[in-house]
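**Student:** Could you build all of it, start to finish, from the sequences and the hints given here?
Taking the numbering used here, I'd label the letters of the sequence shown as residues 1 to 452.
Honestly, the hints are just simulated from the structure, not real lab data.
Glycine is no exception: its CB is placed at the ideal position from the N, C-alpha and C atoms.
Hints may contain errors.
Said to hold, decoys possible - Here are the simulated SDA-like cross-link-like pairs (lysine to any residue), alpha carbons at most 25 Å apart as the crow flies:
1) K11 x Y197
2) K404 x G414
3) K82 x D375
To be verified - Cβ pair distances, simulated, as ranges:
4) N81 x S207: 38 to 44 Å
5) I153 x S207: 45 to 51 Å
6) I407 x S296: 21 to 27 Å
7) T137 x F157: 29 to 35 Å
8) K404 x I384: 28 to 34 Å
9) K404 x V443: 31 to 37 Å
10) E126 x I407: 23 to 29 Å
11) Y84 x A281: 32 to 38 Å
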Amino acid sequence: MTNNRSNFTSKIGFILAAAGSAVGLGNIWRFPYLVAQYGGGTFLLCYIILAVTFGFALMTAEIALGRKTRLSAIGAFSALNKKYRFIGVLAALVPILILPYYSVIGGWVIKYFTVFISGQTKQAAEDTYFSSFIGQTGEPIFWFALFMVFTAIVVLFGVEKGIEKVSRFMMPLLVVLTIGISLYVLTIDGAWEGVKYYITPHMSDFSLKTLLAAMGQLFYSMSLAMGIMITYGSYMKRSTNLEHSVRQIEIFDTGIAFFAGLMIVPAVFAFSGGNTDALNAGPGLMFITLPKVFASMPFGAVLGTAFFVLVFFAAVTSSISLMETIVSILMDYFHWKRKKTAIIVLIYCLLMGIPSSLGFGVWDFIQPLGMSILDAWDFISNSILMPIVALLTCFFVGFVIKPKTIIDEANAEGAKFKSVTLFTVVIKWVAPVILIAILISSVLNAAGIYTL
Numbered sequence: 001m002t003n004n005r006s007n008f009t010s011k012i013g014f015i016l017a018a019a020g021s022a023v024g025l026g027n028i029w030r031f032p033y034l035v036a037q038y039g040g041g042t043f044l045l046c047y048i049i050l051a052v053t054f055g056f057a058l059m060t061a062e063i064a065l066g067r068k069t070r071l072s073a074i075g076a077f078s079a080l081n082k083k084y085r086f087i088g089v090l091a092a093l094v095p096i097l098i099l100p101y102y103s104v105i106g107g108w109v110i111k112y113f114t115v116f117i118s119g120q121t122k123q124a125a126e127d128t129y130f131s132s133f134i135g136q137t138g139e140p141i142f143w144f145a146l147f148m149v150f151t152a153i154v155v156l157f158g159v160e161k162g163i164e165k166v167s168r169f170m171m172p173l174l175v176v177l178t179i180g181i182s183l184y185v186l187t188i189d190g191a192w193e194g195v196k197y198y199i200t201p202h203m204s205d206f207s208l209k210t211l212l213a214a215m216g217q218l219f220y221s222m223s224l225a226m227g228i229m230i231t232y233g234s235y236m237k238r239s240t241n242l243e244h245s246v247r248q249i250e251i252f253d254t255g256i257a258f259f260a261g262l263m264i265v266p267a268v269f270a271f272s273g274g275n276t277d278a279l280n281a282g283p284g285l286m287f288i289t290l291p292k293v294f295a296s297m298p299f300g301a302v303l304g305t306a307f308f309v310l311v312f313f314a315a316v317t318s319s320i321s322l323m324e325t326i327v328s329i330l331m332d333y334f335h336w337k338r339k340k341t342a343i344i345v346l347i348y349c350l351l352m353g354i355p356s357s358l359g360f361g362v363w364d365f366i367q368p369l370g371m372s373i374l375d376a377w378d379f380i381s382n383s384i385l386m387p388i389v390a391l392l393t394c395f396f397v398g399f400v401i402k403p404k405t406i407i408d409e410a411n412a413e414g415a416k417f418k419s420v421t422l423f424t425v426v427i428k429w430v431a432p433v434i435l436i437a438i439l440i441s442s443v444l445n446a447a448g449i450y451t452l
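**Tutor:** Have a look at this one:
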């Protein structure tokens with residue numbers, strides 16, 4: 001173990017950085033679609049219940065593992081039981097796979113910001129604009145590289161001067177922008193019908209699919225099973241109350257997701273005249289549907305610019321946490337200096353991201369698993385590796401080191417861990433069942449056998 005570990009300087013610094021990691025593109029382009037698709041308020045209720053139980057237990061376990069060992073994923077598992085080091089290795093693979101393709105999408109966000117700030121709102125709303133852009137060779141790679149370099153610069157500055165400072169600046173602004181755009185959208189004619197649709201429970205829509213969709217979204221949106229929370233936990237002071245911090249991260253993450261929905265669903269609803277089919281998920285929502293919505297609004301260029309600033313903040317705080325996790329793992333394992341490690345990771349990501357970018361253009365004939373290169377990496381990392389890592393983590397905490405190890409860490413320096421029973425039951429029995437269901441449904445969904 002190392003004794004000269006960097007630290008977040010305060011509790012709020014840790015919370016904003018961890019919340020920044022959790023708040024990513026999934027909160028903006030996936031959560032609103034799922035809420036609207038799966039029963040509005042019914043989905044919201046399921047999601048919140050899962051967040052304060054399933055999400056709470058997994059996040060608490062990961063942060064505690066990092067803080068107790070003062071190491072990143074591989075070192076943390078190895079320090080507590082060397083036979084289970086392989087769980088840390090699998091966890092380390094997740095950000096290594098995700099960061100390059102995630103940064104390609106981050107580049108698209110910067111491109112659209114420049115489009116809206118330069119007043120090209122009508123051009124962005126054209127049907128073929130997005131597909132023409134990502135089908136090019138040079139320009140998407142340029143924006144991807146710019147996003148990746150910005151991420152690397154922040155990580156180069158370290159935990160206190162880089163990650164914490166950027167999070168303290170970006171996260172409050174992200175909250176203000178999300179709430180501000182949401183309030184503006186509510187003034188648009190027809191928006192309130194979308195609000196009603198968004199927050200009203202539709203119990204007739206409740207099904208196993210609703211529950212599985214809520215489970216999956218929560219799992220992906222809280223930065224679990226990526227080694228991120230273990231890494232950030234290793235930078236957390238023992239005097240910081242772990243339980244309170246996890247609850248506040250959950251509030252940040254769920255709140256941003258809710259307001260993203262309040263911003264997007266009513267806007268698309270008003271634009272489409274109440275046609276819910278217009279509310280798709282993923283890049284299609286952000287880069288095709290929403291530009292059309294902004295083009296139809298008064299002050300659409302201003303609103304679109306503000307929106308893509310918001311999305312950039314969400315994307316880059318997540319990419320910073322992904323890169324920091326990889327850098328931290330390599331620094332712990334090889335004992336390299338931060339500068340050298342960050343540059344090596346940057347070069348790796350630039351090289352690995354290029355195929356994901358070209359997969360929509362000159363390399364679109366390459367279809368691993370019947371998907372684009374980017375979608376294949378996303379499926380392997382999100383739908384296969386992450387549920388497996390989380391399942392193994394639950395087994396490790398529940399039956400190898402035992403929940404008491406985590407509970408004792410949460411009780412450090414006089415803190416009182418109030419959710420002992422909840423944590424123990426969920427980590428040993430409830431979370432594994434949920435994770436197996438997520439893994440099976442993800443594979444069946446990808447195979448077209450069971451559609452979520």
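**Student:** Next, verify each hint and record whether it holds.
**Tutor:** Hint check results:
1. Straight-line distance between C-alpha atoms of K11 and Y197 comes to about 37 Å, which puts the hinted pair past the 25 Å bound.
2. Of the supplied pair hints, the one linking K404 and G414 holds, its CA atoms being roughly 16 Å apart against a limit of 25 Å.
3. For a cut-off of 25 Å, the pair hint linking K82 to D375 is broken: about 34 Å separates their Cα positions.
4. At roughly 40 Å, the beta-carbon separation of N81 and S207 lies within the given 38 to 44 Å, and the hint holds.
5. A beta carbon spacing of about 46 Å between I153 and S207 agrees with the range 45 to 51 Å that was offered as a hint.
6. Taking 21 to 27 Å as the suggested C-beta distance range, the pair I407 and S296 does not conform, at roughly 54 Å.
7. The beta-carbon spacing between T137 and F157, approximately 32 Å, falls within the hinted interval of 29 to 35 Å.
8. Restraint check, K404 to I384: a C-beta distance of roughly 31 Å satisfies the suggested window 28 to 34 Å.
9. Separated by about 34 Å at the C-beta atoms, K404 and V443 satisfy the suggested range of 31 to 37 Å.
10. Range check, E126 to I407: about 56 Å between beta-carbon atoms, so the 23 to 29 Å window is missed.
11. With their beta carbons about 36 Å apart, Y84 and A281 fall inside the hinted range of 32 to 38 Å.
Violated hints, listed in ascending order, are 1, 3, 6 and 10; each of the other numbered hints is respected by the structure.
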